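Number of protein chains: 2
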Amino acid sequence: MFSLPKPVSKLIDAFERLPGIGPKTAQRLTFYLLHVPQAELEKFAEALTNLRKNTVECSVCFNVSESDPCEICASSTRHKNIICVVEQPIDILSIERTNKFDGVYHVLHGAINPLNNIGPDEIRIGELTKRIMMGTHPILEVILATNPNMEGEATAMYITRQLRAQNSKLKVTRLAHGLPVGADLEYADEVTLTRALEGRREY
Amino acid sequence: MFSLPKPVSKLIDAFERLPGIGPKTAQRLTFYLLHVPQAELEKFAEALTNLRKNTVECSVCFNVSESDPCEICASSTRHKNIICVVEQPIDILSIERTNKFDGVYHVLHGAINPLNNIGPDEIRIGELTKRIMMGTHPILEVILATNPNMEGEATAMYITRQLRAQNSKLKVTRLAHGLPVGADLEYADEVTLTRALEGRREY
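Listed in order, the protein sequences are those of chains E and B.
Here the first sequence is numbered in this note's numbering, starting from 560 and rising by one per residue.
Here the second sequence is numbered in this note's numbering, starting from 560 and rising by one per residue.
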């Protein structure tokens, strides 16, 4: 039986371990890289080894960063009294792209998911409540920007209950649900449409 | 303006250079790897640097291999007088999976594509004719297994003409065109259907 050279199959294996990359894509990428100059391969390899080595978690918001505190937490132009809570560092990128938020963030690094054994203690909820109650800045608003799916909703609900128990006056908000801009009403699911109706605003 | 930490954006750039990986996928993969142990990242990096370092091109068939000649060319059980011509090393994998071919291969490393400035001299056609005319084994058949698209057909046609000019008796065959197994007649395009009709066989 014919088998691939080890260096080739090893790289295919590495690619296959990535989410959303199946065996066929892993093969295609690997055979593509056989045509790439060695210098480019080394640059890719270096980027991989340095990814975690040269980054730290911000001790304030747990975002991935080159410095501690991170660029956003250290910035003097960001409002430290509005915290936007997200599941992953990549979500910060999406919110920053809107250019409509000038507060700070808190990265949970996950969402509550009992099926995968991820409870409130496995993600950075304790750090969030501590930061809000004992931090140097009085917090005016906490925006819950967890994903609009089952896990994200459960996490948002849990955090709200925790924060309200400690301070019933704290303003806790959640990103609006509704029709995505540019979409067709025809293809909207009934849950989204219900939320869009409930959240309708005067024109 | 918020910018990603350099180690993160560098890896995103590296992923984006791969075919079929867009900016969103590159971001997703990179942020996924932030959660992966450093040892796994180093293994991935090592596989990348070793991909070309630890492989050679077989001097007989130009397949990617750990040894020269490659496993297939060196095997005593493969028939050296039937050569299957493919565009890329990855195509060998597909043909080997059928378990129906016990000859040897010749990898062209591309196909004739005038739009991309790839002529017959840019791919290993000269090496093929030389191998057939001057090799130690008399060749009984050359199977052209280039892709069934414009470039692959042009390449197959060109090679046929070259080989026939040198030896008009040489058997040169092309993989059959027709309906893929498991497909619907309803969705077959007319060119494929025409070829399936032309190539029909007695039942």
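Where hints are given, some of them may not hold.
Copies of the same chain are indistinguishable here, so a pair counts whether it falls within one copy or spans any two.
No farther apart than 25 Å at their CA atoms in a straight line, the calculated lysine to any residue pairs in the SDA-like style are these [as the list claims (entries may be wrong)]:
1) 565 / 576
2) 583 / 630
3) 565 / 746
4) 583 / 631
5) 569 / 657
6) 659 / 691
7) 569 / 745
8) 730 / 748
9) 639 / 582
10) 565 / 668
11) 602 / 656
12) 583 / 611
13) 602 / 625
14) 583 / 719
15) 612 / 721
16) 569 / 638
17) 689 / 586
18) 659 / 630
19) 659 / 577
20) 602 / 738
21) 569 / 579
22) 569 / 725
23) 659 / 712
No lab work stands behind these hints, which were simulated from the structure alone.
If you're wondering where the values come from, they're calculated on a predicted model, not measured in any experiment.
Hints, one by one, checked against the model:
1. In the homo-oligomer, the alpha carbons of residue 565 and residue 576 lie at most 25 Å apart both inside one protomer (17 Å) and across protomers (24 Å), since each shortest distance falls under that limit.
2. For the homomeric pair residue 583 and residue 630, the shortest alpha-carbon distance between copies (23 Å) is at most 25 Å, but the shortest distance inside one copy (39 Å) is not.
3. Taking the shortest alpha-carbon separations for residue 565 and residue 746, neither the intra-copy value of 48 Å nor the inter-copy value of 40 Å comes in at or below 25 Å.
4. For the identical chains of this complex, residue 583 and residue 631 are inter-copy neighbours only, at 22 Å across copies versus 40 Å inside a copy, given an alpha-carbon limit of 25 Å.
5. Taking the shortest Cα distances, residue 569 and residue 657 sit within 25 Å of each other only across copies (23 Å), while inside one copy they are farther apart (40 Å).
6. Taking CA atoms no more than 25 Å apart as the test, residue 659 paired with residue 691 passes inside one copy only; the shortest distance there is 22 Å, against 68 Å between copies.
7. For the homomeric pair residue 569 and residue 745, neither the shortest alpha-carbon distance inside one copy (47 Å) nor that between copies (41 Å) is at most 25 Å.
8. In this assembly of identical chains, the alpha carbons of residue 730 and residue 748 never lie at most 25 Å apart, being 30 Å within a copy and 61 Å across copies at closest.
9. Taking CA atoms no more than 25 Å apart as the test, residue 639 paired with residue 582 passes in neither setting, with 46 Å inside one copy and 31 Å between copies.
10. With identical chains, the CA atoms of residue 565 and residue 668 are at most 25 Å apart between copies only, with a shortest distance of 20 Å across copies and 36 Å within one.
11. Neither within a single protomer nor between protomers do residue 602 and residue 656 lie at most 25 Å apart by alpha-carbon distance, with minima of 28 Å and 34 Å respectively.
12. Within a single copy, residue 583 and residue 611 get their C-alpha atoms only as close as 28 Å, which misses the 25 Å cut-off; across copies the closest is 20 Å, which meets it.
13. Taking CA atoms no more than 25 Å apart as the test, residue 602 paired with residue 625 passes in both settings, with 19 Å inside one copy and 23 Å between copies.
14. For the homomeric pair residue 583 and residue 719, neither the shortest alpha-carbon distance inside one copy (44 Å) nor that between copies (31 Å) is at most 25 Å.
15. Taking CA atoms no more than 25 Å apart as the test, residue 612 paired with residue 721 passes in neither setting, with 34 Å inside one copy and 55 Å between copies.
16. Taking the closest pair of Cα atoms, residue 569 and residue 638 never come within 25 Å of each other, the shortest separation being 48 Å inside a single copy and 29 Å across copies.
17. For a Cα distance limit of 25 Å, the shortest separation of residue 689 from residue 586 qualifies neither inside one copy, at 47 Å, nor across copies, at 31 Å.
18. In the homo-oligomer, the alpha carbons of residue 659 and residue 630 lie at most 25 Å apart inside one protomer (17 Å), although the nearest pairing across protomers, at 60 Å, exceeds that limit.
19. In this assembly of identical chains, residue 659 and residue 577 lie within 25 Å of each other by CA distance neither inside one copy nor across copies; the values are 33 Å within and 33 Å between.
20. Taking the shortest Cα distances, residue 602 and residue 738 never come within 25 Å of each other, neither inside one copy (42 Å) nor across copies (44 Å).
21. In the homo-oligomer, the alpha carbons of residue 569 and residue 579 lie at most 25 Å apart both inside one protomer (18 Å) and across protomers (21 Å), since each shortest distance falls under that limit.
22. In this assembly of identical chains, residue 569 and residue 725 lie within 25 Å of each other by CA distance neither inside one copy nor across copies; the values are 52 Å within and 42 Å between.
23. Taking the shortest Cα distances, residue 659 and residue 712 sit within 25 Å of each other inside one copy (23 Å), while across copies they are farther apart (54 Å).
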